[in-house]
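Work the whole structure out from these sequences, hints included.
Here the protein sequences line up with chains A and B, keeping their order. Here UniProt numbering is used: the first residue of the first sequence is 1, the next is one more, and so on. Here UniProt numbering is used: the first residue of the second sequence is 1, the next is one more, and so on.
Mixed in with the good hints there might be a few duds.
Identical chains blur together in the list; that is why a pair holds if it fits in one copy or across any two.
[To be verified] Pairs of lysine to aspartate or glutamate, EDC-like flavour, derived with a Cα cap of 20 angstroms: (1) LYS386 x GLU338; (2) LYS108 x GLU91; (3) LYS251 x GLU206; (4) LYS376 x ASP309; (5) LYS311 x GLU369; (6) LYS247 x ASP129; (7) LYS353 x GLU325; (8) LYS266 x ASP234; (9) LYS15 x ASP122; (10) LYS171 x ASP95; (11) LYS240 x GLU274; (12) LYS390 x GLU8; (13) LYS251 x GLU338; (14) LYS386 x GLU206; (15) LYS208 x GLU56; (16) LYS208 x GLU338.
By construction, these hints were calculated from the structure, which means they are not laboratory data.
2 protein chains.
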Amino acid sequence: MSTDNSSEYFSSQFKLGILGGGQLGKMLLYETRKFDIYTVVMDASNEAPSKIACNEFVLGDLMDFNAVYDFGKRVDVLTIEIENVNIDALEKLEDEGLKVFPPTKALKIIQNKAKQKLFYVDHDIPTADFQRFAYKSEIKDSIANGALDFPFIWKAAQFGYDGQGVAVIRKTEDLDRLPAGECIAEKMIDFKNELAVIVTRSASGEVKTYPVVEMEFHPEANQVEYVICPARIDAAVAAKAQEIALKVSEKIQHVGILAVELFQTKDDQILVNEVAPRPHNSGHYSIEASYTNQFEQHIRAILDLPLGDTKSKVAGIMVNLVGAEGHTGAVVYENMAEILGMEGVTPHIYGKKETRPFRKMGHVTIVNESISEARKIAQQVKETIKVISK
Amino acid sequence: MSTDNSSEYFSSQFKLGILGGGQLGKMLLYETRKFDIYTVVMDASNEAPSKIACNEFVLGDLMDFNAVYDFGKRVDVLTIEIENVNIDALEKLEDEGLKVFPPTKALKIIQNKAKQKLFYVDHDIPTADFQRFAYKSEIKDSIANGALDFPFIWKAAQFGYDGQGVAVIRKTEDLDRLPAGECIAEKMIDFKNELAVIVTRSASGEVKTYPVVEMEFHPEANQVEYVICPARIDAAVAAKAQEIALKVSEKIQHVGILAVELFQTKDDQILVNEVAPRPHNSGHYSIEASYTNQFEQHIRAILDLPLGDTKSKVAGIMVNLVGAEGHTGAVVYENMAEILGMEGVTPHIYGKKETRPFRKMGHVTIVNESISEARKIAQQVKETIKVISK
Numbered sequence: 001m002s003t004d005n006s007s008e009y010f011s012s013q014f015k016l017g018i019l020g021g022g023q024l025g026k027m028l029l030y031e032t033r034k035f036d037i038y039t040v041v042m043d044a045s046n047e048a049p050s051k052i053a054c055n056e057f058v059l060g061d062l063m064d065f066n067a068v069y070d071f072g073k074r075v076d077v078l079t080i081e082i083e084n085v086n087i088d089a090l091e092k093l094e095d096e097g098l099k100v101f102p103p104t105k106a107l108k109i110i111q112n113k114a115k116q117k118l119f120y121v122d123h124d125i126p127t128a129d130f131q132r133f134a135y136k137s138e139i140k141d142s143i144a145n146g147a148l149d150f151p152f153i154w155k156a157a158q159f160g161y162d163g164q165g166v167a168v169i170r171k172t173e174d175l176d177r178l179p180a181g182e183c184i185a186e187k188m189i190d191f192k193n194e195l196a197v198i199v200t201r202s203a204s205g206e207v208k209t210y211p212v213v214e215m216e217f218h219p220e221a222n223q224v225e226y227v228i229c230p231a232r233i234d235a236a237v238a239a240k241a242q243e244i245a246l247k248v249s250e251k252i253q254h255v256g257i258l259a260v261e262l263f264q265t266k267d268d269q270i271l272v273n274e275v276a277p278r279p280h281n282s283g284h285y286s287i288e289a290s291y292t293n294q295f296e297q298h299i300r301a302i303l304d305l306p307l308g309d310t311k312s313k314v315a316g317i318m319v320n321l322v323g324a325e326g327h328t329g330a331v332v333y334e335n336m337a338e339i340l341g342m343e344g345v346t347p348h349i350y351g352k353k354e355t356r357p358f359r360k361m362g363h364v365t366i367v368n369e370s371i372s373e374a375r376k377i378a379q380q381v382k383e384t385i386k387v388i389s390k
Numbered sequence: 001m002s003t004d005n006s007s008e009y010f011s012s013q014f015k016l017g018i019l020g021g022g023q024l025g026k027m028l029l030y031e032t033r034k035f036d037i038y039t040v041v042m043d044a045s046n047e048a049p050s051k052i053a054c055n056e057f058v059l060g061d062l063m064d065f066n067a068v069y070d071f072g073k074r075v076d077v078l079t080i081e082i083e084n085v086n087i088d089a090l091e092k093l094e095d096e097g098l099k100v101f102p103p104t105k106a107l108k109i110i111q112n113k114a115k116q117k118l119f120y121v122d123h124d125i126p127t128a129d130f131q132r133f134a135y136k137s138e139i140k141d142s143i144a145n146g147a148l149d150f151p152f153i154w155k156a157a158q159f160g161y162d163g164q165g166v167a168v169i170r171k172t173e174d175l176d177r178l179p180a181g182e183c184i185a186e187k188m189i190d191f192k193n194e195l196a197v198i199v200t201r202s203a204s205g206e207v208k209t210y211p212v213v214e215m216e217f218h219p220e221a222n223q224v225e226y227v228i229c230p231a232r233i234d235a236a237v238a239a240k241a242q243e244i245a246l247k248v249s250e251k252i253q254h255v256g257i258l259a260v261e262l263f264q265t266k267d268d269q270i271l272v273n274e275v276a277p278r279p280h281n282s283g284h285y286s287i288e289a290s291y292t293n294q295f296e297q298h299i300r301a302i303l304d305l306p307l308g309d310t311k312s313k314v315a316g317i318m319v320n321l322v323g324a325e326g327h328t329g330a331v332v333y334e335n336m337a338e339i340l341g342m343e344g345v346t347p348h349i350y351g352k353k354e355t356r357p358f359r360k361m362g363h364v365t366i367v368n369e370s371i372s373e374a375r376k377i378a379q380q381v382k383e384t385i386k387v388i389s390k
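Here you go:
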């Protein structure tokens, strides 16, 4: 791109709009502040973590057509930090010439998990077998007809986030507590590893991938406990994961970060689980470990600046800080000083005032030249820090 | 320290006060945001870079007793990002039990360069020979008496910043354009290198030093052009520099960051040039290169949390972004995209709206596994990016 274009981003005239003011937006704002890029954030909550770090804050419902449309009219480039936004408004803005990244075409495919799964099938992208249902009631029929067997994964087609809208169904009764509406039933994959690859695509089509990371999930909360970079897997498996992630990126034609979550099956097949078209939990390690972190990279991509180096300076492991069970109310971070005394430990506190069981309150990154040493320290961090209520 | 104490910092009750809202404060605020520590900033300018990233902003004159005293009454711990603050107010606050870091005792020694030089002499800390003058007029007498020879370095005793208040005096006429008031005349050192060592001391006395860095100055502007970490010097010289920096830290009894600027003479003596009791330009490389950057380290130190690891992940070089000569007015950063396309390059734009010749507008960090490669890229960055006016 021409340098004349780039200089406009670093002028006070230019305005970057961000839909969503959560923890991802907060971390995105470190990078816009670093580059002194003017930001306008919209969120439905006056308590939004992003609120104090943006140039302008707009209180508004991300699912409301007029709120999103009017917001878009105020900015030069519009991006998101959460998928659950009013796509019709984004489409109208896009038609009217606003740069919306990710593009609505990509966002539409991703926002609805049933559409997302069908998209993989249409493009020969390996993914777990599934059935799509318009209504929950259809699931029971399918089971009755022997077309669907327990156990399986139920996923709401829309508005799932941080493990909500996902459930393991082992018996008919499990269906009763699920919400109605469009959903999918996905075959449970007996996987060896859960992996993720972050792909970045710039507005003009430059593409870079981050190293494959390995994820460990919390069994009940269905939230990531550890993200380990690089994944401790064979080079051949890593190469296959990268190749499939690149294919998804190529087909979806996103702009910005695309986080591709993958299963490595017992027989080393790679299946696409799901994707997110924004900075992602699986890339938080990059703040401390990578030459260019995923948030700066997202900004570079949507502003069509050259993408940064995605390789790591050191090994990185991320531990999610989630609210402890049995604690609801004003949050206290216990033993913070102890973990700060451990080697290569950086806590990130998202600024949520109230904790509840399994609520994502922050994360801790552990960096080290040795990944096995980092893994040991990560375990100590996890066993030491407690997110409780007063 | 007990973990019960630490948890208080991460609660919404705790308030950290920062005097000064400049670029150092802005970078300090990335770290308080990361830790979700509540911050209150005072600065005399409504345009202060820190303004949008702190929780509360107070407009006030840092040299005004009442403004500083009243500000201090609102916070639990008080720190500075610039030395030129009202010390009497800080002393009163300290006497009344407020935690003021750096302590006023240390700040008093440092704020006045004549006092600072005498302090080195009193504690057998090697420094360049100098004479102290209460009035500029005394300098001419000293020259007339043959007690002072050209050339020498003139330094205002107080309120010098970013190269202001410092001048090379080669002939009598050079004295005419200098302001009156207390000053020192320092012997010009024929040095091989300018070095710096950042020492951090926590409230309870834990001490850690960063690697020795090597500085290259702009001849006219007397501002650092490159800061190179690690310094390309003998291990013995580096060890001596560390030892002397630690002695200064030990004698001054600061809390937080102390940046110690040093001369390496032609015969490998180490002389203390001057010190700053706050995060410093010579430590900016640490954001990208170090396990714990100087800003997070300063926060850890003043909150009496364990200090982080000071070693580097990779080699780091910082280039100051200063306003180009012949340009005054609304700033434009030319060729930003080009430098973003270079390996391991991170620009930091401070958010000043107006540029003028040699004004410090930001800095660029270059990280690389190889320091010689980093040095090459730093040169390219310097030759490419232009800070000009519209």
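- [ ] If any of the earlier hints don't hold here, list their numbers in rising order.
- [x] The structure breaks hints 9, 10, 13, 14, 15; every other hint is satisfied.
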